[in-house]
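**Student:** Read off the chains here:
4 protein chains.
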Amino acid sequence: MELKGHVHKVQYYETDMMGITHHSNYIRWMEEARGQFLDEIGWNYKKFEDEGIVSPVISLSVDYKHPTRYEDEVFIKVNVIEFKGVKLKVGYIMKNAEGTVVCEAESTHCFVDKEGIPVRMKKLYPAFCELLSNMANEAV
Amino acid sequence: MELKGHVHKVQYYETDMMGITHHSNYIRWMEEARGQFLDEIGWNYKKFEDEGIVSPVISLSVDYKHPTRYEDEVFIKVNVIEFKGVKLKVGYIMKNAEGTVVCEAESTHCFVDKEGIPVRMKKLYPAFCELLSNMANEAV
Amino acid sequence: MELKGHVHKVQYYETDMMGITHHSNYIRWMEEARGQFLDEIGWNYKKFEDEGIVSPVISLSVDYKHPTRYEDEVFIKVNVIEFKGVKLKVGYIMKNAEGTVVCEAESTHCFVDKEGIPVRMKKLYPAFCELLSNMANEAV
Amino acid sequence: MELKGHVHKVQYYETDMMGITHHSNYIRWMEEARGQFLDEIGWNYKKFEDEGIVSPVISLSVDYKHPTRYEDEVFIKVNVIEFKGVKLKVGYIMKNAEGTVVCEAESTHCFVDKEGIPVRMKKLYPAFCELLSNMANEAV
Chain E
1 MELKGHVHKV
11 QYYETDMMGI
21 THHSNYIRWM
31 EEARGQFLDE
41 IGWNYKKFED
51 EGIVSPVISL
61 SVDYKHPTRY
71 EDEVFIKVNV
81 IEFKGVKLKV
91 GYIMKNAEGT
101 VVCEAESTHC
111 FVDKEGIPVR
121 MKKLYPAFCE
131 LLSNMANEAV
Chain P
1 MELKGHVHKV
11 QYYETDMMGI
21 THHSNYIRWM
31 EEARGQFLDE
41 IGWNYKKFED
51 EGIVSPVISL
61 SVDYKHPTRY
71 EDEVFIKVNV
81 IEFKGVKLKV
91 GYIMKNAEGT
101 VVCEAESTHC
111 FVDKEGIPVR
121 MKKLYPAFCE
131 LLSNMANEAV
Chain V
1 MELKGHVHKV
11 QYYETDMMGI
21 THHSNYIRWM
31 EEARGQFLDE
41 IGWNYKKFED
51 EGIVSPVISL
61 SVDYKHPTRY
71 EDEVFIKVNV
81 IEFKGVKLKV
91 GYIMKNAEGT
101 VVCEAESTHC
111 FVDKEGIPVR
121 MKKLYPAFCE
131 LLSNMANEAV
Chain X
1 MELKGHVHKV
11 QYYETDMMGI
21 THHSNYIRWM
31 EEARGQFLDE
41 IGWNYKKFED
51 EGIVSPVISL
61 SVDYKHPTRY
71 EDEVFIKVNV
81 IEFKGVKLKV
91 GYIMKNAEGT
101 VVCEAESTHC
111 FVDKEGIPVR
121 MKKLYPAFCE
131 LLSNMANEAV
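Protein chains in written order, with the working numbering: chain E, 1 to 140; chain P, 1 to 140; chain V, 1 to 140; chain X, 1 to 140.
It is possible that part of the hints are untrue.
[As the list claims (entries may be wrong)] The following label-pair restraints were derived from C-beta to C-beta distances: (1) Arg-69(E) to Ile-117(P): 44 to 50 angstroms; (2) Glu-98(V) to Glu-115(E): 30 to 36 angstroms; (3) Lys-77(X) to Trp-43(E): 37 to 43 angstroms; (4) Lys-122(P) to Lys-122(E): 52 to 58 angstroms.
[Unchecked claim] Chain P is faced by these chain V residues, among others (derived, beta-carbon under 7 angstroms): (5) Met-18; (6) His-23; (7) Ser-24; (8) Ile-27; (9) Ile-58; (10) Ser-59; (11) Leu-60; (12) Ser-61; (13) Lys-89; (14) Ile-93.
Calculated directly from the structure, the hints in this document are not laboratory data. Owing to the predicted nature of the structure, the values given are computational and were not obtained by experimental measurement. The beta carbon of each residue, even a glycine, is placed where N, CA and C say it ideally should be.
All chains should be built: construct the whole structure from the sequences, respecting the hints.
**Tutor:** Printed below as a string of structure tokens:
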């Protein structure tokens, strides 16, 4: 499956007094790109929420490689690093218009219901789990 | 009633590439100060939410008088401009440590339940309504 | 001149515990739309900054008409309300995909150099001033 | 040296539609706590910036242990993990009012001038470097 990926244009309100994008925004772009990714593979995140399932971030790591600035376009590729039905580990590579990697990151998620109880995804969403598992394996 | 008011210290992530506080943050400080104000007069906002009542902003106006910068302390005084039981109009005066007014603002709120249906505040919270009405009158 | 306008897709991080978009984000979308507008009429805002001119917000007013939610697309039309060379007054109409007006707003800006000294725009950028003045007049 | 640490009260605008604090805000609280920490040990970050030195984040990792909610007070302890004069590695432990660890995190920083050229901190700020190195060693 060839995915378009997500493009984020850096906004003025995302800059800080250093004149560059404030580092906290990349975490938000990861979320944007993740939502876009799930949408592209046919599993819109909002639908999960509508069905009572949320997917909080349980950890993340971010490597800032190169600054970005107001009006820069950031191209974000998302890939599945690991998913065996419980924890979803997602990878992100962000490049600027010149192709320079500006940020590499990972985030790990679980799937729980509104009370915080883990959801048995393999049982409830076998097709989703298989798709993500396959994507993780392909990436190796 | 003598109120302490709210103090907000400008954070690095609130600055922009102009080197000053991004203007959108003042709207957030208004919310901080409003919460602090309700808490000080004995009507914690979270309690309203726990009882199923939310108070969305329906309009706001903001006059930016003087820039603020990283590490500035902003002192915010809140007052009730008008409240007759339906729409709450709140005023804000923000000063820096030198006493210079940096921002003046107003926000208007309604009180609705989680389905968006207006709540009859006068009936459900007569003491709250009387207190705010009195504050509005005193201010005149 | 027929302008495309700006589209903002509501992000998860823009929602609050009320389940809707936090009101402070609309101020940020105004900035996005303003930048897009200036770009479309041939006067990219970043170029002004590169030439040492910044355009801080000196006041704004916002009317929230209808809530928006995660994944909603918000279509923002920008128009020039008034510009005689000093203060630029900009109007915004935001609609959701159904065409419902979700927010109406105005912002006023000045043009200053990096030291905060007002810049004589009419002298330095006569074509820009004429274009904006004409747009303001057409709108009447 | 006994440090007070930083306290952050969760704001309404920091919550998301999941009803909890949006995960991106913890990265901002790390910055708040880091600034507070530097201030407490006598090396105000703003002074570095005034002297032309900035300290961008080059990487971070965050483990979200427990959700926080509107009005929660989060107590943040900062410690120096490693500093030999070039890269500063900082640790954060965040607890709620009950003493539950809500988040553990690390961030790594470099010190550069406004052009992005690494600054020889040991030469320019030997006392600062010694203090941080000692703190890193004590922590072992």
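**Student:** Min Cβ distance, Ile-58(V) to chain P: is it shorter than 7 angstroms?
**Tutor:** This interface hint holds because 5 angstroms falls under the 7 angstroms limit.
**Student:** The hint says 52 to 58 angstroms between Lys-122(P) and Lys-122(E); measuring C-beta to C-beta, is that right?
**Tutor:** Cβ of Lys-122(P) to Cβ of Lys-122(E): about 53 angstroms, so the range 52 to 58 angstroms holds.
**Student:** Please check whether Ile-93(V) passes as an interface residue: C-beta within 7 angstroms of a C-beta belonging to chain P.
**Tutor:** Because about 15 angstroms separates Ile-93(V) from the closest Cβ in chain P, which is outside the 7 angstroms limit, the hint is violated.
**Student:** Holds or violated: is there a CB of chain P closer than 7 angstroms to the CB of Ile-27(V)?
**Tutor:** holds, 4 angstroms
**Student:** Under 7 angstroms is the threshold here; is the Cβ of Ser-59(V) close enough to any Cβ of chain P for the hint to stand?
**Tutor:** Check passed: Cβ of Ser-59(V) comes within 5 angstroms of chain P, closer than 7 angstroms.
**Student:** Less than 7 angstroms between beta-carbons is the criterion; does His-23(V) satisfy it with respect to chain P?
**Tutor:** holds, 5 angstroms
**Student:** Is the shortest C-beta separation between Leu-60(V) and chain P less than 7 angstroms?
**Tutor:** Hint holds; Leu-60(V) Cβ to chain P Cβ min 5 angstroms, cut 7 angstroms.
**Student:** Check the following: the C-beta atoms of Arg-69(E) and Ile-117(P) are separated by a distance inside 44 to 50 angstroms.
**Tutor:** holds, 46 angstroms
**Student:** Using the C-beta atoms of Glu-98(V) and Glu-115(E), is the stated range 30 to 36 angstroms upheld?
**Tutor:** With Cβ atoms ~33 angstroms apart, the hint holds.
**Student:** Taking the closest Cβ pair, is Ser-24(V) under 7 angstroms from chain P?
**Tutor:** This interface hint holds because 4 angstroms falls under the 7 angstroms limit.
**Student:** For the hint 37 to 43 angstroms, verify it against the beta carbon of Lys-77(X) and that of Trp-43(E).
**Tutor:** holds, 39 angstroms
**Student:** Is the hint on Ser-61(V) kept, meaning its closest Cβ partner in chain P is under 7 angstroms away?
**Tutor:** Result: holds, 4 angstroms to nearest chain P Cβ.
Going down the numbered hints, you'll see the structure goes against 13 and 14, while the others check out.
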